[in-house]
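Sequence order for the protein chains is A and B.
The numbering of the first sequence is my numbering, which starts it at 1 and goes up by one.
The numbering of the second sequence is my numbering, which starts it at 1001 and goes up by one.
Simulated from the structure, these hints should not be mistaken for laboratory data.
The model shown is predicted, which means the values in this text are computed figures rather than measured ones.
Glycine residues also receive a C-beta, built at the ideal position from the N, C-alpha and C atoms.
It is possible that some hints are incorrect.
Mimicking DSS-like on lysine-lysine, the simulated pairs with C-alpha atoms at most 25 Å apart in a straight line are [what the hints assert, rightly or not]:
hint	chain 1	residue 1	chain 2	residue 2
1	B	K1067	A	K40
2	A	K22	B	K1002
3	B	K1067	B	K1042
4	A	K9	A	K41
5	B	K1067	A	K36
6	A	K67	A	K9
7	B	K1067	A	K52
8	B	K1098	A	K71
Quick look at which bits of chain B chain A covers, simulated, 3 or more residues with Cβ under 8 Å [said to hold, decoys possible]:
hint	stretch
9	1054–1064
10	1076–1086
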Amino acid sequence: DTAVSQTPKYLVTQMGNDKSIKCEQNLGHDTMYWYKQDSKKFLKIMFSYNNKELIINETVPNRFSPKSPDKAHLNLHINSLELGDSAVYFCASTPGGYEQYFGPGTRLTVT
Amino acid sequence: QKEVEQNSGPLSVPEGAIASLNCTYSDRVSQSFFWYRQYSGKSPELIMSIYSNGDKEDGRFTAQLNKASQYVSLLIRDSQPSDSATYLCAVNIFNDYKLSFGAGTTVTVRA
Chain A
1 DTAVSQTPKY
11 LVTQMGNDKS
21 IKCEQNLGHD
31 TMYWYKQDSK
41 KFLKIMFSYN
51 NKELIINETV
61 PNRFSPKSPD
71 KAHLNLHINS
81 LELGDSAVYF
91 CASTPGGYEQ
101 YFGPGTRLTV
111 T
Chain B
1001 QKEVEQNSGP
1011 LSVPEGAIAS
1021 LNCTYSDRVS
1031 QSFFWYRQYS
1041 GKSPELIMSI
1051 YSNGDKEDGR
1061 FTAQLNKASQ
1071 YVSLLIRDSQ
1081 PSDSATYLCA
1091 VNIFNDYKLS
1101 FGAGTTVTVR
1111 A
């Protein structure tokens, strides 16, 4: 049983394209996150939703738009992709703001 | 000052030795502290959480917390080659739902 899953695992696309990443968790957690991990391995929070409500919105270009259709799903849509968006994007979830559990990651490469 | 700082590493230890990882944080009111292990190309995996001052042991891992000194550490006893990974310190900063991560310390265990 996969607790936190993401699709796709790899995404290669050209500059200027629009793409989406999907995340689903079957842990029954109320809170989900998107993180970006750059080439230096630094893990930085981007967004968080608690029961479909946006609760954390870090300084992220507005080309990035999260959506949570229900508390088990969190998607990330990225418009007008740039070279600097190349990174690994992790989804995570938590039952109550404490331990977070990460998905396998989506490696995005923008060419 | 960064919110969470870790000793930069890399840290190389012989098999069977103790690996000692350190982390300091900036927010005096932080209450929750975590250690994640990340193998190359994989997602962060929670290995320890600690909430009160003192030591917490789990198998070969011991987490130590000193809130007065704003310091948390992780000891890996009897290090094994399978412990070779990057270890991320994470702290709840300002917000119960937000984790701030250190840049990670890469540990290599020499056989």
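Do the hints match the structure? See the list:
1. K1067/B to K40/A: violated, 29 Å
2. K22/A to K1002/B: violated, 31 Å
3. K1067/B to K1042/B: violated, 31 Å
4. K9/A to K41/A: Between K9/A and K41/A the Cα gap is close to 17 Å, so the pair holds against 25 Å.
5. K1067/B to K36/A: violated, 28 Å
6. K67/A to K9/A: Roughly 19 Å separates the two Cα atoms, so the pair holds.
7. K1067/B to K52/A: violated, 34 Å
8. K1098/B to K71/A: Since the Cα atoms of K1098/B and K71/A sit roughly 17 Å apart, the hinted pair holds (cutoff 25 Å).
9. 1054–1064: violated (count 0)
10. 1076–1086: It is violated, with 1 qualifying residues against the three required.
Hints 1, 2, 3, 5, 7, 9, 10 from the earlier list are contradicted by this structure; the remaining hints agree with it.
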